[in-house]
Amino acid sequence: MTATTVSDPVVEELVQICGADHVFTERSARYNRARVPAPFPVHRWSEYVPDVVVLPTSAEQISEVVKLANRYRIPVVPRAGGTGLTDGAVPLRHGILVDVKLMNNILEIDMDDRTVTVQPGINMLKLNEELKPYGVIYPDDPASYPCSLVGGRIGTSGWSLIGGRYGHTRDLVISFEIVLPTGELIRVGDGGGPKIRKSSTGYQLKHLFMGHQGTLGIVTEATLELVPRPEAEFAAFFSYPDYDSAWRSTGSLAKSGLATLAGVVLFDEWKLSYLRRDDEAYIPQPDSVRCVVATAMYGTTDEVRPAAKRLLRIGQESGGNYLGDEISQGDWASRHDRYATPLHGRTPSGQVVPMSWHCEDASINWTALPLVREEWHEIVRRLIDRHPIFDDWGMFAYTNGAFKPWGDYLTEIDVGIWEQELDDESWAAWVQAKRDIAAVAVDHGGSISACHGACREGEVDLVPREMGGGFDVMKRIKRVLDPLNIMNPGKYLLDQAYEEGEPS
Amino acid sequence: MSEQSEPTGNGHREAQFAQEWRNAAYNCYSSGHKFCREVCPVMQVTRDEVHSPTAFHANIVAMEQGHLSVEDVARDYVHCTQCGACELRCPNTLFTGDFYRFRTRTVDVVKAMRALAVDSGVHQPNWQRWVDATAQWKSEPVLGDVPVSQDHVADWAAGLSIPVGGETILFCDCEGAFYRTSVPRAAARILQAAGVEFGLMREQWCCGGPAAEMGYTDRAREFAEHNVADWRQVGAKRIIVFDPHDYIAFTEDYPRYFGDDYQFEIVLMVELAAELVRDGRLQLTHPVERVVTYHDACRLNKRKGIHEAPREILRAIPGLTFKDVDHVTQWSYCSGAGAGLSIERPDLTAEISRRRVERAAGLGVDTLVSACVWSERPLSEQGGKRDEPVDVVDLLELVAQAAGLDGGRAGPSATSATVGTEGTEAAQ
Numbered sequence: 018m019t020a021t022t023v024s025d026p027v028v029e030e031l032v033q034i035c036g037a038d039h040v041f042t043e044r045s046a047r048y049n050r051a052r053v054p055a056p057f058p059v060h061r062w063s064e065y066v067p068d069v070v071v072l073p074t075s076a077e078q079i080s081e082v083v084k085l086a087n088r089y090r091i092p093v094v095p096r097a098g099g100t101g102l103t104d105g106a107v108p109l110r111h112g113i114l115v116d117v118k119l120m121n122n123i124l125e126i127d128m129d130d131r132t133v134t135v136q137p138g139i140n141m142l143k144l145n146e147e148l149k150p151y152g153v154i155y156p157d158d159p160a161s162y163p164c165s166l167v168g169g170r171i172g173t174s175g176w177s178l179i180g181g182r183y184g185h186t187r188d189l190v191i192s193f194e195i196v197l198p199t200g201e202l203i204r205v206g207d208g209g210g211p212k213i214r215k216s217s218t219g220y221q222l223k224h225l226f227m228g229h230q231g232t233l234g235i236v237t238e239a240t241l242e243l244v245p246r247p248e249a250e251f252a253a254f255f256s257y258p259d260y261d262s263a264w265r266s267t268g269s270l271a272k273s274g275l276a277t278l279a280g281v282v283l284f285d286e287w288k289l290s291y292l293r294r295d296d297e298a299y300i301p302q303p304d305s306v307r308c309v310v311a312t313a314m315y316g317t318t319d320e321v322r323p324a325a326k327r328l329l330r331i332g333q334e335s336g337g338n339y340l341g342d343e344i345s346q347g348d349w350a351s352r353h354d355r356y357a358t359p360l361h362g363r364t365p366s367g368q369v370v371p372m373s374w375h376c377e378d379a380s381i382n383w384t385a386l387p388l389v390r391e392e393w394h395e396i397v398r399r400l401i402d403r404h405p406i407f408d409d410w411g412m413f414a415y416t417n418g419a420f421k422p423w424g425d426y427l428t429e430i431d432v433g434i435w436e437q438e439l440d441d442e443s444w445a446a447w448v449q450a451k452r453d454i455a456a457v458a459v460d461h462g463g464s465i466s467a468c469h470g471a472c473r474e475g476e477v478d479l480v481p482r483e484m485g486g487g488f489d490v491m492k493r494i495k496r497v498l499d500p501l502n503i504m505n506p507g508k509y510l511l512d513q514a515y516e517e518g519e520p521s
Numbered sequence: 102m103s104e105q106s107e108p109t110g111n112g113h114r115e116a117q118f119a120q121e122w123r124n125a126a127y128n129c130y131s132s133g134h135k136f137c138r139e140v141c142p143v144m145q146v147t148r149d150e151v152h153s154p155t156a157f158h159a160n161i162v163a164m165e166q167g168h169l170s171v172e173d174v175a176r177d178y179v180h181c182t183q184c185g186a187c188e189l190r191c192p193n194t195l196f197t198g199d200f201y202r203f204r205t206r207t208v209d210v211v212k213a214m215r216a217l218a219v220d221s222g223v224h225q226p227n228w229q230r231w232v233d234a235t236a237q238w239k240s241e242p243v244l245g246d247v248p249v250s251q252d253h254v255a256d257w258a259a260g261l262s263i264p265v266g267g268e269t270i271l272f273c274d275c276e277g278a279f280y281r282t283s284v285p286r287a288a289a290r291i292l293q294a295a296g297v298e299f300g301l302m303r304e305q306w307c308c309g310g311p312a313a314e315m316g317y318t319d320r321a322r323e324f325a326e327h328n329v330a331d332w333r334q335v336g337a338k339r340i341i342v343f344d345p346h347d348y349i350a351f352t353e354d355y356p357r358y359f360g361d362d363y364q365f366e367i368v369l370m371v372e373l374a375a376e377l378v379r380d381g382r383l384q385l386t387h388p389v390e391r392v393v394t395y396h397d398a399c400r401l402n403k404r405k406g407i408h409e410a411p412r413e414i415l416r417a418i419p420g421l422t423f424k425d426v427d428h429v430t431q432w433s434y435c436s437g438a439g440a441g442l443s444i445e446r447p448d449l450t451a452e453i454s455r456r457r458v459e460r461a462a463g464l465g466v467d468t469l470v471s472a473c474v475w476s477e478r479p480l481s482e483q484g485g486k487r488d489e490p491v492d493v494v495d496l497l498e499l500v501a502q503a504a505g506l507d508g509g510r511a512g513p514s515a516t517s518a519t520v521g522t523e524g525t526e527a528a529q
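Quick note, the sequences are listed as chains A and B, same order.
18 is the number of the first residue of the first sequence in my numbering; add one for each residue after it.
102 is the number of the first residue of the second sequence in my numbering; add one for each residue after it.
What the hints contain is simulated information worked out from the structure, not anything from laboratory work.
Yeah, the Cβ is synthetic: ideal placement off N, Cα and C, and Gly gets one too.
Treat the hints loosely; a few may be bogus.
[To be verified] Covered stretches of chain B (in silico footprint by chain A; criterion: 3 or more residues with CB under 8 Å from a CB of chain A, positions within the stretch not fixed):
(1) 140-150
(2) 171-178
(3) 182-196
(4) 364-377
(5) 444-456
One chain only, chain A, in its complex shape (with noise of 0.2 Å):
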């Protein structure tokens, strides 16, 4: 029943270093640890197997995990939630595929300078359950709130939805312990105490193992920001006539400077059309709805209360008719479930089909979202056109920055794709559409990706004219840090950093 192309001498000194209970060579053990949600080629899955996978306890043993990939020249794949919309945990070369899901513990909750520390497989929802008691919360508040982890956060550096007032996960981790990819247990942070949030004392190390998508080391142990649990929440969603008022009152409600604002999103008509399918809050709307604004606040209440009423005035004086307080509250409510289900999928011709939900995800200066997305919204058109299995699920624009959410958006596009009819054929122009949708933002003055990653197959090709010089940054830094490329290898075209010619 096993079959692994890592050697048993491997198998047997990955059960030395992890127990036999935490090392899988069984075939369904690896053939579900080869995907993500990120766009995937399902009918190439054999492609993306591990050929063994572990569960560790303990950062020695992720360590020791990476010395013996080394000293065998195994690549080394970590993955956490595995929930991640690019691919970053998709072993693209096979080998030792690490799951830290079982390092989920709380290590400690200071009250006092105001941090928890805690293990990377433990999930958002799960640590705030456990923080309520405190009164505290960690506002990391991605669409995967319900399921994604820690670790997969610091690796892709993630967004949250309310990060206009909280920060975004890169604001919220304070330090953190990463295996290197030679197998160094280090601590980064600002500067080098765990729990200190600002400081200048040397390389600013902690934003250059966040987003890495696991090419530069596994975290081990994470220390991060509480902040007070909000007593007052207030969302607000309104409606215009035509996207051009929409966009105009998204810029005006950003720019209100409220501190409590955490975030303004712009659903694009397209968007709506599609929530009209089948959503019930939207079905009943009269047709003169074509965009909606949703706005969110949280603070105190003495902040919020009025800060609401201004919020309000600005929507409305900004051409924006409010939805009211069911749609809004409940609307907000239900923001991590309620945008992309497969159940939602249509052919051209109407049929209800299963359809995974992909999302591309730029980001873009306020000026720029008119064009981007007409010009978006055409190269899915023309890939519609050829392959009918794809389906334009609309657009939406995120304030993207934090604390200060007004000069560029996460801005994307969610595209429908009937997985079980891919082919090459329709993977290929599904990769050209990546490239094409990447190639628009980044001549737009923007950037690839605002929140999933740029690593995935068709975008990935864009990243080098994104980065300019940067790039040979990249790879010159990660020959430095993983001379054998045993990291995840074959992510970021950062093999190049390996070929003939190559400045070490």
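Let chain A serve as the given structure and place chain B on it in line with the hints.
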């Protein structure tokens, strides 16, 4: 590396299975949300992705593509209590299910895969032994090496003067009949006190639900056919059950077996008891001085949406301090006893129960009240191990006590005393 399974002898059966379940599997596979994972009682302990509802669906996609066979995955599907939490937490069910008349059916997927495994000759040894013993004795071997038999299936009712037959039958679950006999005794006392006429079966067999849950569908059907024939022979119209697992078997499995011919009204004892209290037919006048919390039985709360009636009863018991945890929070709670997990992976059941009891202890209670007799053995074991023990009591035991009825609490230690032969009208 590219891997393709060699076609096996079960290839045709597997292909048919994959065809039947492929859209359900893709609806999960395509979603990829995995919101189910952290509410899953097994995943919370093992943290192993192959035990997740996501994997249970993805495996079918992999089978369709020829990557995995039933032999590869059968053991993974042991790791499920069929509690239904994942189905409730699935965005497909939550937000679009009504519109498309679709709901995620992980429990059915797990049952179907287990049945495919059995049909393909892939057995889990402890389940096989359990079902074989059940077939031999007609009751589940809940006392381990001590045989359970038809001679003793109604011993729990000793001295209660319950007739055999009639329009209303009290069905006694195997765990209740042989292990926690205090629960059926409490149920019977309550019914008698409230003036509800009822009888016992002439010859009661296991409901067959556990066999169905473990994949032994033919065996399950045999039990069902016997029981339904017995009900018909005594002219039964109404079946009262106190065990949520029986309730599932009688309201979901049996109607599938018998179709339109199945006309029995199935009454859940907890709901009936709440009604009796509400209508004043059962007076709860004896104070019960305990500080309790309620354990939402998975098959009531998550599978059937029944969470109000038990709380209504607890609030009606004088003297009781009730520290409630809402039923949605309890989606992620379980005793770990369901669907045969305790038979194949008792270590996991123990750990799931330990965590459940720990949550109860964190509320500062002295008693955890359950309405599922199967949960009470593992929960009691863990409750008793604590420095400050948490007592685990069945809701019906509490009701009987509050109503001043004899025959309330009789724990496992009383089991041997109730396994006797004398004087039970129902014994054949």
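Status of each hint after checking the structure:
no.	hint	verdict
1	140-150	holds (count 3)
2	171-178	holds (count 4)
3	182-196	holds (count 5)
4	364-377	violated (count 0)
5	444-456	violated (count 0)
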